[in-house]
Amino acid sequence: MASIAEPIARLIAELNKLPGIGPKSAQRLTYHLLHMPDEEVKSLAEAIRSLKEKVELCSVCCNITDRNPCPICQDEQRDHSKLCVVERPSDIIPLERTGKFKGVYHVLHGTISPAQGIGPQELKVKELLYRLQDNSVAEVILATNPTIEGEATAMYLRQMIHPLGIHISRLARGLPFGSDLEYADDMTLGQALEGRQEF
Amino acid sequence: MAAPHVYQTQAIVVKQSKIGEADRIVTIYTPGFGKLQAIAKGACRPGSKLGGNVEPLTYSSMMLAKGRNLDIITQSQTIDAFPALRNDLWHMACALYTLDLVDSSTLENSENSPLFDLLLNTLRCLCQLQNDESVVRYFELHLLQHLGYRPQLRRCVNCDSRLNPVINFFSYRQGGILCPRCNQKEPTCRPLSVDALKVLRLWQGCDYPTASRVKIGRELSSELEQVMQGYMRCLLQREFKSTAWLQELKKKSLVDNCHRTN
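Which chain is which? The protein sequence lines are E and S, in order.
Residue 113 in the numbering used here sits at position 113 of the first sequence, and the numbers go up by one each step.
Residue 100 in the numbering used here sits at position 100 of the second sequence, and the numbers go up by one each step.
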């Protein structure tokens with residue numbers, strides 16, 4: 001890229017590192033930024049810079065936050081005796097959207113994945129167990145995804161938490177709204193039958 | 001445009017990773033085509049008809065359409081989801097280990113139908129939730145056999161003499177047993193007890209139901225584990241990440257002792 005000005009080539013190379021952005025998209029975005037008003041470009045640059053500077057992990061729940069402890073952990077109105085364990089920070093958003101859960105969360109930042117060499121040490125399991133030591137938590141809800149890695153993580157956590165005598169529950173599994181019985185897999189349908197409720 | 005070429009196959013889902021918004025790249029092992037990578041479009045969406053049918057550790061009947069790079073899974077129907085494995089941490093870890101071995105040791109589009117049968121039978125044996133370590137060892141030994149690395153256990157690989165019932169030596173490099181005399185020339189080999197040699201010989205030539213009748217003590221089980229894993233590390237030139245997970249489960253004693261061979 002000898003014919004391209006160095007700052008442009010550099011930005012193209014940097015944008016190219018982002019997921020889903022190939023060299024052509026990176027080039028298009030770069031030239032788009034070049035023609036954007038100064039204030040907007042500065043605002044974008046500032047937003048990216050502050051993302052790394054101001055955002056940190058909550059010292060209690062390990063969620064990503066700009067205030068430590070995070071607003072959910074600080075909220076006295078919430079039920080701190082119910083702890084919902086999720087895989088990723090983004091999993092909290094749909095759970096909050098349901099409006100049904102008023103407890104607090106713990107983010108693991110991944111799942112146990114033996115084939116990728118991700119074990120419990122790479123996750124925030126130690127922090128979770130430390131949090132459960134003071135007996136303030138009455139119920140742990142394991143809300144890891146119903147995938148093979150999510151199941152492995154949930155089973156591992158169950159075995160680690162069980163000796164502490166805390167009630168452990170797992171999110172129910174069944175048919176999603178708007179789905180079709182014909183296309184449901186055997187595991188889901190079997191669990192939906194097992195977990196059927198009085199109507 | 002010509003209609004895409006569509007084909008049907010049975011498959012064991014070995015692993016999957018997310019791509020794009022809601023798609024998955026699924027690695028499957030099939031009897032007729034060996035290992036394949038295919039795309040399951042929209043599989044991450046809650047209402048997806050593929051969803052649970054393309055989860056790892058699922059034996060499915062699939063229909064695939066030829067794609068430009070990767071084939072596309074158009075339909076999938078679970079034949080066996082091995083539900084027993086999903087509720088038992090140790091057996092699930094063993095099953096994931098066998099899938100990891102198959103994934104790491106095979107090439108794409110290289111047909112190996114006996115290996116598919118071996119994998120399927122191993123997963124079914126693991127579902128019985130008993131005597132599992134010998135299932136895994138038996139799998140390792142036969143996996144290597146189906147890949148063309150059957151160890152020579154009857155005669156010395158160096159001098160071709162008959163092996164005496166004494167402590168012999170397993171040479172990973174030469175793929176078989178060295179008698180004590182030949183081992184003096186290659187002292188890096190691993191000693192192998194008479195019992196371990198007998199078990200390996202028996203396993204090499206019999207089916208799993210016969211192999212599982214052998215009662216193996218903890219010490220012998222540990223020796224067989226070290227020998228097989230050392231041999232695989234030497235042949236495949238890599239450490240298996242899932243082995244670390246198995247070791248950790250053992251170390252933490254999270255697994256009920258009755259789950260292991262005693």
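Keep in mind that the hints were calculated from the coordinates and are not lab data.
Just so we're clear, the structure is a prediction, and the values are computed from it rather than from any experiment.
Ideal Cβ placement from N, Cα and C applies to all residues, glycine included.
Incorrect hints may have been included.
[Said to hold, decoys possible] Below 30 Å or equal to it, Euclidean Cα-Cα: the simulated DSSO-like pairs (lysine-lysine) are:
hint: 1; chain 1: S; residue 1: K241; chain 2: E; residue 2: K124
hint: 2; chain 1: S; residue 1: K41; chain 2: S; residue 2: K66
hint: 3; chain 1: S; residue 1: K41; chain 2: E; residue 2: K17
hint: 4; chain 1: E; residue 1: K82; chain 2: S; residue 2: K252
hint: 5; chain 1: E; residue 1: K126; chain 2: S; residue 2: K66
[Claimed, not checked] Covered stretches of chain E (in silico footprint by chain S; criterion: 3 or more residues with CB under 8 Å from a CB of chain S, positions within the stretch not fixed):
hint: 6; stretch: 22-32
hint: 7; stretch: 70-77
Against the structure, the hints come out as follows:
1. K241/S - K124/E: holds (20 Å)
2. K41/S - K66/S: holds (14 Å)
3. K41/S - K17/E: Between K41/S and K17/E the Cα gap is close to 24 Å, so the pair holds against 30 Å.
4. K82/E - K252/S: holds (27 Å)
5. K126/E - K66/S: violated (46 Å)
6. 22-32: violated (count 0)
7. 70-77: Since 0 is below three, the answer is violated.
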